[in-house]
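Residue numbers (the numbering used here), protein chains in the order written: chain A, 1297 to 1804; chain B, 693 to 1006; chain C, 4 to 359.
Keep in mind that the hints are not guaranteed to be accurate.
Unchecked claim - Derived contacts from chain B toward chain C, CB cut-off under 7 angstroms, selection only: (1) F840; (2) F927; (3) S988.
Claimed, not checked - Here are the simulated DSSO-like pairs of lysine-lysine, each with C-alpha atoms no more than 30 angstroms apart in a straight line: (4) A:K1428 to B:K784; (5) A:K1363 to A:K1315; (6) A:K1556 to A:K1661; (7) A:K1428 to A:K1363; (8) A:K1389 to B:K990; (9) A:K1315 to B:K990; (10) A:K1481 to A:K1372; (11) C:K39 to A:K1673; (12) A:K1434 to A:K1402; (13) A:K1689 to A:K1673; (14) B:K863 to A:K1402; (15) A:K1484 to A:K1417; (16) A:K1481 to A:K1326; (17) A:K1481 to A:K1428; (18) A:K1389 to A:K1325; (19) A:K1622 to C:K58; (20) A:K1662 to C:K215; (21) C:K58 to A:K1698; (22) C:K139 to B:K989; (23) B:K990 to A:K1372; (24) C:K215 to A:K1684.
Please keep in mind that the hints were generated in silico from the structure rather than gathered at the bench.
Backbone N, C-alpha and C define an ideal beta-carbon position, used for all residues, glycine too.
Chain by chain, the residues:
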Amino acid sequence: MSSYAVQMQGITKIFSNVKANDNVNFTLKKGSIHGLLGENGAGKTTLMNVLYGLYLQEQGDVFINGKREVIDSPTKAISLGIGMVHQHFMLAKPLSVVENIMLGHKSSRGMLLDTKVVEKKLKKLSEQYNLKVDPAAKIWQLSVGEQQRVEILSTIYQGAEILILDEPTAVLTPQEAQSLFGILKRMKDDGKSIILITHKLEEILSVADEVTVLRDGQLIGTKQIDDSTTKEELTRMMVGREVLFDFKQGKTKTGKMMLKIQDACANSDKRIPALRQFSLDIHEGEIIGLAGVDGNGQKELAEVITGIRPMTSGNVVLDGQNISSKSALNIIDAGIAYIPEDRHHIGLAMGFTIAKNFILKTYHKKPFARNFMLNEKEINKNAASIIKKYQIKANSKDDIVKDLSGGNQQKVILGRELSSNPKVLVAAHPTRGLDVGAMQYVRDQIMQARNSGTAVLLISADLEEILQLADRIAVIYDGQLMGILPGGSDIERIGMLMMGNKQEVVNG
Amino acid sequence: MWDDILTTGFLVSVLAATIRLATPILFTSLGAIYGQRSGILNLGLEGTMTIGAVCAFIVAFFTNSLFLGLLGAVLGGILFSVIMAWLSVTMKANQVIAGTAMTILGVGLSAFIYRAIFGIKSLPAQIESFQQIRIPLLSDIPIVGKIFFDHNLLIYFAFLLVVITWFVLEKTVFGLKIKAVGEHPRAADSKGINVAKVRYQSLMIEGAYAGLGGAFMSIAYMNSFTDSIITGRGFIAVAVVVFARWHPTRAMWGALLYGLASALQIRLQAIGAEIPNQFLLMLPYVLTIIVLIGVSKKAEFPGAYTLPYSRMER
Amino acid sequence: MGKTRIKKAVGSIWPAAITIIIALFIGAILIVISGKDPIDAYRLLFNGAFGSAHKISETLVKAIPLMIMALGISIAFKNKMWNIGADGQFTLGAIFSLSVGIYLKLPVWLLFPISFLAAFIGGALWGALAGWLKAKFNANEVITTLMLNYIATYLLTYLVYGPMMDPEGFGFPQTPLLPEGLHLGLFSAQTRIHMGIFVALALLGLVILFWKSTLGYKIELMGQGEQVSRYAGINAKRMMILVMALSGGLCGIAGWNEIYGVHYRLMTDIASGYGTLAIVIALLGNLNPVGIGVSSFFFAALLVGGNTMQRMTGIPYSIVDIIQGLVIIFVITRQAINLESVRMFFKKIGGKQHVG
C-alpha cells in the first residue's frame, strides 16, 4: 500500500449536468513519472483539480501514502505534500519571484514578511535542481520558460513530494520541453512522484514510466511504458478509433494569391513591437498553418489582417486591393472572416441570443436592416438556416449563447464566419478546449472552406493539428517569419524554427 | 486683491488650512488603497463617510467623549462596509452599481438616524469639537510652526496613518495577501489564501478609515452634523487613490492638493477676492477631473480591479 | 403569441414588485424603531400620492422628469457607461433652454422647438464631455460625471445670483419668468400637469423603438464587452461619446420639461436630486423602457407621498432615500441570485458540502 504515493478510487465529479469524471481510478507509484493522457475535455485537469483540493468529488476516495484523506482545499493538499503547476501560471505579474513563492506560507517573523530568509532558501533549492531564477526579479520581466521554473520551485519550496504538472509544454518550444524533462527526471531520482497531464503522445513515450488514459470522463486503461508501446496504441486508447490522418481528399489546385502581407510591423497592447517586418503570401484554396509558441506575435498578426489593430508600417493587400489602413468593418465587408482564439470574450456576445450573434458583423446591412431598423423576420430566418446547416444543438435561436456548450459556441462562430463565403479565413486556435467530436467537425469545416477556394490562415500551437491540415507550414518567432516548410514536414525542423533559428527562405 | 494674497499671513493661513482640509480625504483615500489593491472599487465611500460623521457626532453628543465618538465612527464605518463587501464579494454584484447604492443608502440612513434622534429642528445640535493641540517648542517656530504643528489630534493621526498604511502593505504578510488577491485572485486561491476573506478584511479596514474621515468632518473640523457634510469628498478620495497609483505617500500628496484647492477657495472668499465665489467652489471638482485626465491612461490598475472572483470559472 | 408577450411583460414586472415590497418592509421596520406607526405612515404616504385628483397629478408631474432621465440613463447603462451625472446634464439643459426662451426674440412657434433642441444640446454636451474624457484619457466616468454635477450646480448658482438674475426679483436668486406664450399648456386649471407629459410618452415610445434599431443593437453590443465590439468593427471611442451625448441629451430634455412646464424660470437646485433617483428607477426597470415607465410612477409617488408623510408624522423624509438605496441593493441581489450563488446554495443544503 505504501509504495503508492496517490490512489484515487471511483472518483466522480459532476458540473451542471456533465460528468467530467465518471468513476475514475488512478494510482501513482512513488518515485515515478506517471502520464495522464487524453484529448481536450477528457477529464484530466478535473481529476487533478480534485487531487489538489480545488474541487470536491461527488463520489470516490483519495488515499495519500496509503491513508485516506479528504482534500477540500489547496491548503490541505499542500499540507499533504501535493504541489501543482497549472497550465495557466498562477503568478502575480507585478510581484517578485520571492513574493509569489511566499504567498500562502507562514512567515518566520509572524506578521512581518521574512523575504531575506526565503530568498536564501530559494537560492539553495534552485541550485539543487538546476532551476536558475533571480528571486528578486518581477514576474513580468521573466520569459515563459523562466516563469514555469518559478512555479516548479514554488511547489518544491512548499515541500511537495507529489507534483502535478498540467500541460507544461504547451508554452514551450520542443527544445525547452526537453530541458524540462531533464529537470523532472532529476526530481524523480530524488524520490519525488510526478503526474504529467498532457495530450501529446511524444512526451508520454519519452519521459513517463506509466500512463493512464482518460476519454470523455472515463478511465480507459493504465499501461506501463516500455519500448514496445506505440503511438498508435495510445492514440486508439485516447480517441477510441483510428484517427484519420488523411485530410487531403478534395484538394483543389492552389489558385492565385489572395492575401499578401508585406513587412507588417505592429505593437502589442503593452506598446512593445510584436510584429517585426512580417511577410507572408496566402493563396486561394490553400491552408497555411502558422506554427509558433503562444505569444510570439500571432495574436497581433491576426488582428492586423482583420483590421482590429493598426500597423505601424507595412502593407496588407487583399485580392489586389490595399486594405492596410482600412477599418475592421471595411475589412469584414471586403471578405475576410475571423475565428478568434477567445470565443468567450472576443468571438461571441455571451449575453446575446444565438440569432443576434449571427448578425454580429452584418446587423447594419441588408437584409437584416432596413432604414436603420433591424428586420427581425430576416434575422430569425437566417438564424434558423444556419442552426440547421451546422447542426447547432440548442433549444431555440433565442437561447443565450452563454448557456451553450463549447463546441456549439464554436459552431455559432463557424456558422457566422463561413456562411458569408469569405475570400480569406483567419482561424486562431479554433479547436482549443473542444472535445474530440467538435474538434473533428471544426477541422472538417476548415477543410471544406479551403476546398471551395477560401484562403485559410490557420494559427495553432498544436503541431499535430497543423501537420494534419496545413498545405504549407510557416513559423513565427518574435514577430518575424522564420521560414516556410512544406506540409507534413517533421517536427524537429519545425521546432528549430520555433526556437528562432531562421532558415534560408524556402518557398514551400 | 493681489496685495492681500502675497503676504506671509495669507500664505501661512492657506497652508495650514491645506493640511486641515486634506485630512478627511487623506483618511478615506488611505483606506481605499486597501480596498482597491484587493481588487474592489468602492464607490460607496461617500455613504460610509456620512455614516462615520453621524455616528461620531451622536456618540460624542451623548457621552461627552470625543474619543468614544471616534470609536463609534470606526464601528459604524466597519459595519457599513460589510454590506458593500457582501454585495461585491459574496453576491458578486456590479461594483459600480453597488457602490452607488451604498452611497444613496448611507446618506439617507445617516440623515434618518440624525433626524430620528434630534428631530426636524431648524438649529443643528452642537458639540465641542476637537481642539487644536500645539506641539510645544515646535509650534513656536515662525511660519513653519503655525503651518505644521498647530493642529488637532486627528490631523496628526491621519498623517501618521500614511506611514502605518505603507508599512502594512509592504512589510506584512497581510499586505502581500491583499496585493496578490487584487492582482491574480486565482493564484492566491491556489496557494490556499481565502480570497473572499481578504477582500472582506480590506473593505472593513477601508470602512474604518472612511469612518474616521467622516468623523473628522463632524467632530473636529465642524462641530455639528448636516446632511451634506461630505459633499463629494468620498468620490474625490477614490480619484485620489487612482492618482496616487495606490501608494500611500502619493495619496498624501493628492489629498494635500485637494486641501490646497479648498483652502484657496475659503481664504480668497474671506479676503473678498474679485473672483466669483462659485468658481472658487468649483475648484476642487475641476481639479479632480484634471487629475484623472493626467493619470488614468498610464496607471497600471490592479489585475483583478472590479472583477468578482469565482473558483468555478473554467 | 399575445400570451407570451403578456407573460414576458408580467415576468419583468413582478420581480420589481417584490423588490419594492421588501424595501418597504424594511422601511417599516425603521419607522417602528424610530417610534412611529408604520401603517399610519404608509397610509399617509399613499394618500399623499394618490388621495385626490390633485395629488395624482402632482405624482404625474414628478414622474415625467424622472422617467425621461431614467430613459437617458438606461441608454448609457446598457452600454456599461455609468452615467451618474444626470443632474448636471439636466441642469445644463435647463440653462440652455431657458436662455433661448428669454434672450432670443423669435416667434413662439419657433422658440418651442429651438428651446427643446437647446436643452438636448446642453445636456448632450455635458454628457459628451464625460464620454470624451473616458474615450481619450480613460478617466472613470462615474467620477467625472459626478464632478460635473457639482460644477453644473455651482454654475447655475453663479448665473442666478449674477448675470441672469431677475432685475425685478427683489434679489431672489432666480431668473425672469418665461413669457406666457412659452408655457407648456396645462390640462386643467387645478392641476399642474402640462403638455410635457406627451413629450415624455413620445420619448418612451421612441426609446422602445430605439432598441430595435441598428444603433440600439450597436450600443447593446458594446455593453457586452470591449473586445467583442472591437471584433465586430465598432469604434468604441466614437460610441462612448455618442452614447453619453444621447444619454445627457435626454436628461437635458427633462430639464426643458421642468422649466417650460412647471417652474417657467431657473432657480438654484433645480434638479433637486432627481438624478440619483433616476438611476434607481433605471435599474429597477431593468433598463427596459416599460419597466422604467412603471418604476418612475412608483417613485414619484414615494416622493410626493413622502413629503406629506414628513409633514404629518414627523418621520424624516430621508426614509425615502433609504428605500431608494435598499431598492438598488435588492435589485443587485436579485440579479446575482440568478447566478451560480443559487445553485451553490441549493447544493449546500442538498447534502454534499461544496467547496468554493
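For each hint, the structure was consulted:
no.	hint	verdict
1	F840	violated (30 angstroms)
2	F927	holds (5 angstroms)
3	S988	holds (4 angstroms)
4	A:K1428 to B:K784	violated (40 angstroms)
5	A:K1363 to A:K1315	holds (26 angstroms)
6	A:K1556 to A:K1661	holds (28 angstroms)
7	A:K1428 to A:K1363	violated (35 angstroms)
8	A:K1389 to B:K990	holds (17 angstroms)
9	A:K1315 to B:K990	violated (46 angstroms)
10	A:K1481 to A:K1372	holds (26 angstroms)
11	C:K39 to A:K1673	violated (58 angstroms)
12	A:K1434 to A:K1402	holds (21 angstroms)
13	A:K1689 to A:K1673	holds (22 angstroms)
14	B:K863 to A:K1402	holds (14 angstroms)
15	A:K1484 to A:K1417	holds (21 angstroms)
16	A:K1481 to A:K1326	holds (13 angstroms)
17	A:K1481 to A:K1428	holds (17 angstroms)
18	A:K1389 to A:K1325	violated (35 angstroms)
19	A:K1622 to C:K58	violated (59 angstroms)
20	A:K1662 to C:K215	holds (15 angstroms)
21	C:K58 to A:K1698	violated (47 angstroms)
22	C:K139 to B:K989	holds (9 angstroms)
23	B:K990 to A:K1372	violated (40 angstroms)
24	C:K215 to A:K1684	holds (26 angstroms)
Hints 1, 4, 7, 9, 11, 18, 19, 21 and 23 from the earlier list are contradicted by this structure; the remaining hints agree with it.
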